[in-house]
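Trainee: These are the residues of each chain, in order.
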Amino acid sequence: MSETTGTVYTETVIYSTTEAFAADVPYQTAIVALDSGGRVTGRITGERVKIDDRVSRVEIRDGVPFFRKIT
Amino acid sequence: MRPVAVIGVGKTPFGAFPDRDLRSLAVEAGEKCLANGHTTPAGVDAFFLGNFAGPSFVGQNHLAPYVSTALGIHGVPATRVEAACASSGSAFFHAYTGVASGVYDIVLVVGVEKMTSQATPRVTEILAGAGDCAGEIKAGSTFASLFAMIARRHMFEFGTTRRHLAAVAVKNHANGALNPDAQMRKVITMEQAMAGKPIADPLNLYDCSLISDGAAAVLLAPAERAGEFTGKPVRVLGIAQASDYVALDQKPDITTFPAVRRAAAKAYQMAGVGPADIQLAELHDCFTIAEIIAIEDLGFAPRGQGGPFTLEGHTARTGDKPINTSGGLKSKGHPVGATGAAQICDLVLQMRCEAGERQVPRNSLGLAQNLGGSGATCVVTILGTI
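First to last, the sequence lines map onto chains W and D.
Taken in order, the first sequence gives residues 54 to 124; the numbers are from our numbering.
Taken in order, the second sequence gives residues 1298 to 1683; the numbers are from our numbering.
By construction, these hints were calculated from the structure, which means they are not laboratory data.
Watch out, some of these pointers could steer you wrong.
To be verified - Some chain W residues near chain D, calculated using beta-carbon distances under 7 Å: (1) T57; (2) T60; (3) T63; (4) Y68; (5) S69; (6) E72; (7) V102; (8) I104.
Unchecked claim - Below, a list of computed lysine-lysine pairs in the DSS-like style, where the Cα atoms sit at most 25 Å apart: (9) K1548/D x K1563/D; (10) K122/W x K1435/D; (11) K103/W x K1329/D; (12) K122/W x K1329/D; (13) K1548/D x K1435/D; (14) K1529/D x K1329/D.
Just so it is clear, the structure is predicted and the values come from calculations on it, not from any experiment.
All C-beta atoms, glycine included, are put in the ideal place defined by N, C-alpha and C.
Just chain W, with the same shape it has in the complex (with noise of 0.2 Å):
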């Protein structure tokens, strides 16, 4: 089972953030279950997602994991 894999749980996207953030307005971030277990918090990038999207790790920045939707 993957640990770059995953579903996502619970997602919003954010219009008022702190300063290290404001450029990023506005952004999505999501609780990730993924299919390896466990879930993690993470930014998505592209298209909007939402509740049982299937999604892929992209990128890890800065510790931070960016998922993309599974189309």
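Since the structure of chain W is already known, use the hints to place chain D on it.
Mentor: Showing chain D alone in chain W's frame:
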């Protein structure tokens, strides 16, 4: 363990006060509370300060003796308690244990936060320190976004709607409009609450509590001595604090708060009452979804039914289970470290029939629920009149 009573309460108004510093707010609430409980500073055996982030908001550490000495309380133990938004609920819990165990007789609890000296993005960053900074926060989460993810999942699993969330905000604003100490004394309509500026989907501005300055204080004594200080003592019938994961992604189910359920079960058992017996409650509505889930976790409504329960009017001031008659964190304001103590103050005012225009008729058994972070700390307190 011996019975404990609240013998005094005192609060500052909540709001944005550019001319007030943290210490002056804490001192004002403490002095009002001591006067209310007919006690002098020399009569206080211990001091607990609830404060979340004074060091970050205003740069001051060692806050408990910093405040207690300004109140004229000298020599006794002075301890700061930090448990995010449950800081002064936890301070109250620890003060209670000190009196119940017989270590102290008269204990003063002050909760305080001075937030408005920082701009909103910095406030958001400081508040995020109550989350998992190495995980969810590093990924860009804010507290609003954590509760937005909770709301999303609650909507998905139970059919909770935007309208249910908005009903919480409309109700709490209607109550806060009647509270002279509330920060935002403004009635809002369902249409306004539905159409607020987006913060983190599905939450908008009207789903979020306020950024506030303020302080609240509570004075405790052994119940057998309460009559020496007040003609209207209010008994602590049940109280418990519980803990859980800090990171939301570590929780098996984010649509319920195990710390709330655990603290509630213990507090109900200790008081010998159940959810149906509670006549009024002050709940931790840091975000509208938090009040809906608290309604469920405390057993006022079945799981998933907190939204409909609110929309049907049960929790209105005129309903059968009035919740947040003070206006809640949403309208009264949320100076983080003051909130838990303020909830106790507001319950006590209702139970003494001193709540003015927002007074409810059934007021002999009340519950306060103070939540820290996204549910890592919860304190539940049940108060009753003797």
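Trainee: Determine which of the earlier numbered hints do not hold for this structure and return their numbers in increasing order.
Mentor: Of the numbered hints given earlier, those the structure breaks are 1, 2, 7, 11, 12, listed in rising order.
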